[in-house]
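Engineer: Listed below are the residues making up each chain.
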Amino acid sequence: MPVRVVESSAPSQVAGQDASNQHALSPACSLLSVGRAFSGTQNVSSLQKDEAWRVNVRIQGCDLDHGYLCGTMEALNVPLADTPVVTFWEGEIVDMKNYTFYTGKWEATPENDIKHWSKFPAFSSLLSQVEADGGKSLDLSNYPYIFMRWKEQYFVNVGTDCGLTIAGFYYVCFSCSDGSINGFYYDPNSSPFQKLELKFTNEDRSGFTFSSYQLQ
Amino acid sequence: MPSTAVGNRPEDLTARLDIAAAGDGEEGLLRVLREVKNQIIGNKTKKLLYLQLGVVPRIVSALGSARDPAIIVQAAAAIGSFACGVEDGVRAVIDADAVPRLFNVLSHANDKVVDAGARSLRMIFQSKLAPKYDFLKEKNMKFLISLLNSDNDNVTELAASIVAHSCEARAEQKALCDAGALQRLVDLLEGSSYQKDACLDSIAAIIRKNSEVGMHFASIGTGKALNSIVKLIKDRNPRTRLLACVCVISIGHASPYYVQDLQTRTKMMLILVELLEESGRVGDDAPFALSDLVLDDEELHKQAISVNAVEKICNSLHKNQIHPRRLQGILLVFAELCSRLEECRCLLISQQVLSTLANALKHDSPDVRVAACTCITNLSRSVKNLSAGHLSNETFIVPLVQLLHDTSMSLQVAALGAICNVVVDFAAQKLLYIQSGCIKQLVQLSKSMDSTLRLKAVSALRNVTFLADTISKESIILELTISTLASLICDSETAIQQQALALVGNLVDGYADSTKHIFADDGLIMNAVVRQLRSAFSAEICIQGMLLLSNIAAGFEPHKEAVMSYLVSPHDDESFPFIMRFLQSKESLLRTTAVWCIVNLTYPDNPNSSTRVARLRDAGIISQIKTMINDPCLDTKYRVRTALEQCMTLENNSP
Chain Y
1 MPVRVVESSA PSQVAGQDAS NQHALSPACS LLSVGRAFSG TQNVSSLQKD
51 EAWRVNVRIQ GCDLDHGYLC GTMEALNVPL ADTPVVTFWE GEIVDMKNYT
101 FYTGKWEATP ENDIKHWSKF PAFSSLLSQV EADGGKSLDL SNYPYIFMRW
151 KEQYFVNVGT DCGLTIAGFY YVCFSCSDGS INGFYYDPNS SPFQKLELKF
201 TNEDRSGFTF SSYQLQ
Chain P
1 MPSTAVGNRP EDLTARLDIA AAGDGEEGLL RVLREVKNQI IGNKTKKLLY
51 LQLGVVPRIV SALGSARDPA IIVQAAAAIG SFACGVEDGV RAVIDADAVP
101 RLFNVLSHAN DKVVDAGARS LRMIFQSKLA PKYDFLKEKN MKFLISLLNS
151 DNDNVTELAA SIVAHSCEAR AEQKALCDAG ALQRLVDLLE GSSYQKDACL
201 DSIAAIIRKN SEVGMHFASI GTGKALNSIV KLIKDRNPRT RLLACVCVIS
251 IGHASPYYVQ DLQTRTKMML ILVELLEESG RVGDDAPFAL SDLVLDDEEL
301 HKQAISVNAV EKICNSLHKN QIHPRRLQGI LLVFAELCSR LEECRCLLIS
351 QQVLSTLANA LKHDSPDVRV AACTCITNLS RSVKNLSAGH LSNETFIVPL
401 VQLLHDTSMS LQVAALGAIC NVVVDFAAQK LLYIQSGCIK QLVQLSKSMD
451 STLRLKAVSA LRNVTFLADT ISKESIILEL TISTLASLIC DSETAIQQQA
501 LALVGNLVDG YADSTKHIFA DDGLIMNAVV RQLRSAFSAE ICIQGMLLLS
551 NIAAGFEPHK EAVMSYLVSP HDDESFPFIM RFLQSKESLL RTTAVWCIVN
601 LTYPDNPNSS TRVARLRDAG IISQIKTMIN DPCLDTKYRV RTALEQCMTL
651 ENNSP
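Note that the protein sequences, when read in sequence, are chains Y and P.
For the first sequence, the positions run 1 to 216 when full-length UniProt numbering is used.
For the second sequence, the positions run 1 to 655 when full-length UniProt numbering is used.
FYI, nobody ran anything at the bench for these hints, they're computed from the structure.
Here the structure is a predicted model, which means the values were calculated and not measured.
Honestly, I wouldn't trust all of these hints.
[Stated by the list, open to error] Derived EDC-like pairs: lysine to aspartate or glutamate, alpha-carbon spacing no greater than 20 Å straight-line:
1) P:K516 <-> Y:D204
2) Y:K105 <-> P:E343
3) Y:K199 <-> P:E343
4) Y:K97 <-> P:E298
5) P:K224 <-> P:E298
6) Y:K97 <-> P:E299
Next up, chain Y with everything else stripped away, as it sits in the complex (with noise of 0.2 Å):
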């Protein structure tokens, strides 16, 4: 979700990957596939004053194999704009083969990393293994949370002029047993652990449905 513009930043390093998919599923869990929707807020709040906004957000693309993940989030109630802000994201999943739980990159140091995945409760039983080893000998395969960072690519729907920014990147945690998310923004230059909270929402429907497309 973009926030408002301080202060200008590096282009993200991030590359994406083939997010081609057999079926709906994902092996690891079918709550975290493509087409399915979350929504909640994010807390935006400074010293001067309380603010949330409301944020949906769709997955796009799975790929495991490579840890990777993208869809858009769309943010609500912006204030400095007249329509929902909508931009395309992509994740990393720490997954310790492709990604582990330090960023090395986007201005996070290793201490941002663990003072950010320490507020997830799930990181609690990982937090010495993680300080011995960076987690080399964690087997995440099985774990019922996914930890990933979620990094803003571009603006879908406005120009880079309207104001805001999409610098920073969040670090989240995805709950396998109800679909639940959890995340913190972070970038130096705004508010520090805006909070992210999302559901797994089945938009109105009475079930669970399934889309799914393969690219070739």
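Position chain P relative to chain Y; hints supplied.
Structural biologist: Then chain P, alone, in the frame of chain Y:
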């Protein structure tokens, strides 16, 4: 005496040739042959004129019957000249049976005659129309090796050309290798520039895609042979550089172990990029060698970015009047480079190749159009690009749809590949695809007799319906018709059945109105789906089928009831309901999809959910799910918990 001016016209010379051949003396024949040869050298118009006059069979006949070495030399030279650079000339020479007669000439005692014969044959074997030499005949192989071992440079060069032109099958490669051809060709690399090029060409042909022969080559002189070719990639002569690269690439593909040094591969990449600056055949062939070099080599794709190869290739594109073959090659290089890495795709987009691609889709050359489609397919493997809508606009869709109408199947297949990806644009509205005739043509192709076309068309329809809005889905269903959908679900090809089930799943998702189509015509589609679920052996089919049933079960009450009825009542030939089989499957995804369906049938706040729970319990399905509470698959386990929690809540709340 005829005057010189009149006597030297092609018609006159042809007549004189007949007279001389009829026995007017060898001197006359020699004069005429020399005159014809002198007139046609480098003169295409004259060659065509003489071809029309039917002079080639006369000269070939003279070659066969002549005893005077001078006549044989002139006749051979004239034949070679006809075969040089004019396809009709090559055809005429071959049709007149010149090749075996010229081979006979190679055994002549006179060196000048042998030279002329070898030169003439070389001209013929430079053409794709030349006959293939049969190496597998022992006599032929012996003869070829004798040519390779000759002291005459023209003869050895001819032998190398014959190998380069004719060696294709693995058995031929092996036979040439066993006969010692490779060793001899390596020795000949020390010769003239022409000879070097011919040898490199033939070494590449013998090694191509043959790891056994490739390994043999790499072991010649304990690696000296390979090293000598690697050195030639820096030769002064551009054609030699190209051919040396082609050769090393062939060895690399045949035996990757011997060419795994990234530095050499990068060097070759830069050399080939530089060769794009060359005019003519070298520059036209260079991109094909380059696309071969980077094929499936992700490491080299990354290098292409870091050494600015992509930018350099793009620069060569912006020159005026690029030859179609060169354009095709460059597009294939781009296609390969963006087949795996997102960085390459982004780089290509930033280098503004999109307009080149859009124009290439309308190019006169079918090969260029196919290459453009391949490039678009790979470029659009990026969800990031798709979501940004770079390719899902009229500029690309309209010409791609045009290509779907092409008479060439390879073009249709290539265009379908591109359309398959491009239509995943994440926009709900699919007006562009409906108005451009894209859907209509995809539907037509989904009925094709050819299974490749059918599969790709159904895959594209599946993709276009992903998260589409109600209006778009309704239009697509109307175009497709219920009977076509039902027949695609029961297609003879499993891959098509799977795509068809996924397509119907997308149509039903979130669009309760389209669910009515599933039950229309006496449940034609639904019956087809359930028939597949009952009989399919493929887990993939069952997974797609269960996802589709789950989508229907997320609809209104009648939809849930319909799904319910298929789950709990076993068919005549079933020992127990298919859902039980799926719940007990070894395939975790199939277990998960089966549980999802139960989750939707027992979804809270639906009036009949409690009754359904009771029926599921009676059918033994709830008991089965209870046994899965500690399923080894985490996802299945969580879905089982959701299903059981819902059932418990409903049972607790029921009166």
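Engineer: Now look at each hint and say whether the structure bears it out.
Structural biologist: Status of each hint after checking the structure:
1. P:K516 <-> Y:D204: Measuring from Cα to Cα gives roughly 18 Å; hence the hint holds.
2. Y:K105 <-> P:E343: holds, 17 Å
3. Y:K199 <-> P:E343: Violated, because 32 Å separates the two Cα atoms, which is more than 20 Å.
4. Y:K97 <-> P:E298: holds, 18 Å
5. P:K224 <-> P:E298: The hint is violated at about 28 Å.
6. Y:K97 <-> P:E299: holds, 18 Å
In the structure shown, a violation is registered for the earlier hints numbered 3, 5, in ascending order.
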